[in-house]
Each structure stands twice: as C-alpha cells, then as structure tokens.
Amino acid sequence: MSTPTAFTQIRAYSRGWLALMGGLGAVIAAALAAVVYMEHQGHWVTGMTNQVVWGIPHVFAVFLIVAASGALNIASIGSVFGREEYQPLGRLSALLAIALLAGGLAVLVLDLGRPDRLFVAMTHFNFKSIFAWNVVLYSGFFAMVAIYLWTMVDWRARRFYKSAALGAFVWRLILTTGTGCIFGFLAAREAYGAAVMAPLFIAMSFAYGLAVFILVLAIGCKMTGRGLGDETLTRLVRLLGLFVAANLYFVALHHITQLYFAGRGGVEAFVLTGGGLITFAFWGGQVGLGGLMPLIIAFAGCGHAPRRRAMMASMLVIIGGLAQLYVLIIGGQTWPLDLFPGMEASSSFADGRLHAYAPTLPEVILGLGGIAIALAISVVGMTALRILPASLGVTSAPCCHHK
Amino acid sequence: MNALSRRQVILTSGAILMVAPAQARSPGQPASARQRWGLLIDTAKCAPDCNVCVESCKAEMGLSGHDRPLTDAQYLRKINVKDPATGASHSLPVMCQHCAKPACVDVCPTGASFKRADGIVLVDRHICIGCRYCMMACPYKARSFAHEEQTDQQPHLPRGKGTVEGCTLCVHRVDQGLEPACVESCKAKAKGAMLFGDLNDPESDIAKRVAREATTRIRADLGLEPGVRYQGI
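If you read the sequences in order, they're chains V and P.
Its first residue numbered 1, the first sequence is counted upward by one per residue in our numbering.
Its first residue numbered 1001, the second sequence is counted upward by one per residue in our numbering.
Quick caveat, the hints were computed from the structure, so don't treat them as lab data.
Computed from a predicted model, the values in this text were never measured in an experiment.
Any given hint could be a false lead.
The list that follows gives simulated cross-link-like pairs (lysine to aspartate or glutamate, DMTMM-like), each with its CA atoms no further than 25 Å apart [as the list claims (entries may be wrong)]:
#	chain 1	residue 1	chain 2	residue 2
1	P	Lys1161	V	Glu39
2	P	Lys1045	V	Asp338
3	V	Lys128	P	Asp1124
4	V	Lys128	P	Glu1225
Chain V on its own, in the form it takes in the complex:
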C-alpha cells in the first residue's frame, strides 16, 4: 500500500508568483483590448472574410478545448483505471481541464460577431445543432470536473470519488466527440465531412492535454521547489508518445480515406503537396515537430534527462497541435467549396479559387489571451487549493543521463 500523498498550496504573492500573474494579466488585458477593437470595428479588421470565416482565434480556442478534455486523462487513469501511481496527479489534471476549457471558451465567445449575446446562446437551443450540444457538453464538463475535483480534495466527499471519476471520464469522451463532430458534420467541406473526425479529435485531445499537463507539472514543481522524480516523468513521456502515435494513426487514416475518394484528390493534393504554408504546417509542424520528433524523444531516447525529454516532447506536441489545427481549420476553408464538381468556376465572390487568410495581430493576441486565461486560472487554483503534491520523488540532476 502506498503512503498517502501530501498536497500543498503554492505560496501567493511571492516574487515569482507576482511576476507570473502580472505577465498573464498583461496578456489578458491586451487580449481584451484586442476584442474591444475587433468588436468595435467589426470583423473586417481581422484576416477573416466571407470565405475564411473561422480564423486563428478558432485555432487557439479549439486547441484549448481539445486539450482540456485531454488534460483530464491523467486523473482518469488514476481513478477510473485504478493506476495508483497516477493518483497524486489527479488534482492538477482536473484543475487544468477546467482552466483550459475556460480559456478556450473565452476565445470562442469573444470572437463571436455578437459576444454580448452569450445569454442568447445559453437560453435558445436548437438540439439538431452539434454546436448547441457542445454548449451543454461544455457547461456539463465544468460541473462534472468540479465535482470530481471536490471528491479528490475533500475527504468527506471521498465516497463519490469513483462515480464522479467515471462520470467525468465518459463526459470528456462525449465532449471531444462533439468537438470533432463540429467539423465531421460539414458535408460540403471536402477537408472535413468524415466520422473519423471524432476519434481523431479524441486522439488529439489525449496528446495535447498530456503535453500541457507535463509542462505545467514540470514548471510548477520547479518554480515551487517540489521534487519530481524521473520515474513519473519517464512514465508520462512514454504515455505522451503513445498518444502522439494514436493521433498520427488517425491522421493517416483520414488522409488515406480522402485519397481513396477520387473526388477529394484535389483538396488532398492541396494539403499534402501544393498548399504552401498549409503544406509546410502539415509536414513540418504537425507531422514532423508534433508527431515524429516527440515519438523519437519518447521511445528512441535522446540521451537527455527525463525532465528535459518530457518538456521538449511536450512543447513539440503543443507546436504540432497548433499546426494541426491550423491545417485543419484554415486549410479546410482555404480550399474552395465545389458547387460544380468537375467544372471550373469563377465569380465576384471568390468562387472556384483558393482563399487567402493572413491573421492579424489582434486575432493572435486574442488567442494568446485564451492561453493566459487558462494559466491564470490554474495558478489561482493551485494557490487557493491543495493541488500539487508536496513531492513526487527526487528530482535528478539536469544532465545526469546525458551520454
């Protein structure tokens, strides 16, 4: 039987804490200023158009939302699947899930044409819309994970621990299915319109969520002087490798299916070979940096200490993830809708040609603001609640394994 883990809060108002919160606050303030500017002027000041209707804010928002459900996996592995070695990490896992979802939704809402009508979205539901279902799923996720976190933090609620864990796990799978279906249900968009989008998004969430989790855990432990043993990090980076492989598998499956359909050869040729920045983001960012490199780091070993390997792999997965969503969301809209299959079309409304999209600074700042909101909520959570274990083993010297 393992000894109970001691959890402690992080100390507020230390120099590091103030600097971090000050930095995050500044990014959030800049993002809010960007929102005021974009909403006051209208979306014409962004790179988004009537052709590319979802832009870089959606790349960040979907990344954060997908990562949110994935961040909960560590807690689920400990509680639903009974792996005790993961249980000390459960609290951070749940807190991050809530924080990332809040950051992602903030970006999504603040990019709406009418963010002031959020209340309308909460009170008018078209239940045939997967988007409306997602509003329910997101709200429910907050509640489920909050209850789950409560059962972990408060011993009096311990008897609900198992059922809360199972509920949150099932809910997160449905939630990511819903997010994938937002794209999977678009029949006319050749880059999407496939049921594989749902499992692909689940695989993406596993990888992104764990990558964010590892980074926050490693940096959090380092900044607050907590031990973080090699065993934990080695286990986590191997798990990350597994999730990255699952993501690559579904990506390959999606593209092979697309290539098999003669009518989708055009969009595939665009993404895979002739799409300029999109193609570069696919091979260089999504597959290279976000897929193969983390796999090599996780399984082939790069000679560095586990902490360094885990952090490198996680950062690469995050960069690759943003590239993946850029390819998916922007690339999918860059390819024009085909009103007349087999024919050449042209019009004053950009029919029949590739659509350009160049993100503007306010859009990017809004996206970064979402990350800052997620991190700020995490820091506040770790300050207010006993989230981080006092120690997770002995931290090794940075380069003790270096060959």
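Dock chain P against chain V, hints included.
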C-alpha cells in the same frame, strides 16, 4: 337594371382573384406549408456579362458595401462555369437555394437560422450570435457576415454588424404578392431567365415547367433539396 346578377358577381370575383396578387398575405397571417416558393433559372437566357439581377438585389437589400470584396455582403452573385473537358461555358446567378433540408438551419446553435413554412430560409438577427457555423455548413456559400457597420439600410431589411445574412428570396415582396427583385429586373431589363412561383401549386408556371422540362439543382447529391432549379447546367 343595374343590379348585378349572381352569375356576374361570381365571374367578376373570379377575375379579381386571377389578376390580384393571389399569394399576398395579410399582416399576422402565418406562412403556409401549402406553398413552396422556388425559382427556375434558364442559363441559356443568362448572358455572362449581364449583372442586372445582382445590381437589383444590391439596391433592394441596401447592400451598398464598403468596396471590400472579401468582406462585403453578396446575397446574389453570378458564377461563370466552364467545362474544362469540352470548353462549354455558361453563366448563372447563385443565391441562397432555400433548401427543404437546409444545412444552415441544422447547425445553427440558437435557431436563428430557420425555414419558414413556405420554404423560405431566413436568419433571425435578434438571436444570431455571429458564430458563422452556418457559413461553414452551407454548400452554396450563400451567406455573408456583416463585417462592419452598415449604412443605407432598407426598412424591410435591417442589417446588424456581427450577424449573418443572406438572400431572403425578397420575403418582404413575396408577402405582398410580388416577385423577388432579381426576377422582376431580369424580366424587365434582361432576357427573363428567372421564373419565380409556388412549386406546390400545380397550376403555377414554375410547377408546370419543372414537371415538363428537365431541370437540375446545384449539388443535388447532397440531398438538401434546394428550392432553386436550373436549366442548362
């Protein structure tokens, strides 16, 4: 002597019914599923350089624009289509296809995108949150987003920055028993390539034509059952 006979009254009232805008609705009267408004467009009569329908749409709907082609609204556009294998080409107007099973209505989270009982697909701008999911879902690229403040608005079409909009089939005119502006102008100033009417009324010209002649719908394979039919594509 001047009193009308019963026969005269019946005949006269029949004549009035035939010349009056038979489909006009009185205020407060709901749209009826007995009607299915639609368009038939004959591309053989649609010249590539003719833009009469587009211009009349802009005037009717107050789409003055800001001279920004990528973000200005276009409810109706002319698309030039060419078969690369044969070189055959033609031009046709494309607008909201007023589908019987509209993808935009299915995906709209708040129900702002909706279909009237008579088949006209509209946006309720009071509850549109500007998420643009309908624009992602529409296979016809028929919708525009109001990217900025709008000026020169028409009383019958209030436009709001941050909401989505598109062809209404000139619902304000249809409810008065008139034809959409594009159809009227095409008839008056061009070759009359567009025919508007009730597809559910077997006696209407459009219903007779679609029953008699071969017509197609854009991306019929998607199964959305558009209310706009074309000839010659």
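Going down the list of hints, with the structure as the test:
| no. | hint | result |
| --- | --- | --- |
| 1 | P:Lys1161 with V:Glu39 | holds, 9 Å |
| 2 | P:Lys1045 with V:Asp338 | holds, 24 Å |
| 3 | V:Lys128 with P:Asp1124 | holds, 17 Å |
| 4 | V:Lys128 with P:Glu1225 | holds, 18 Å |
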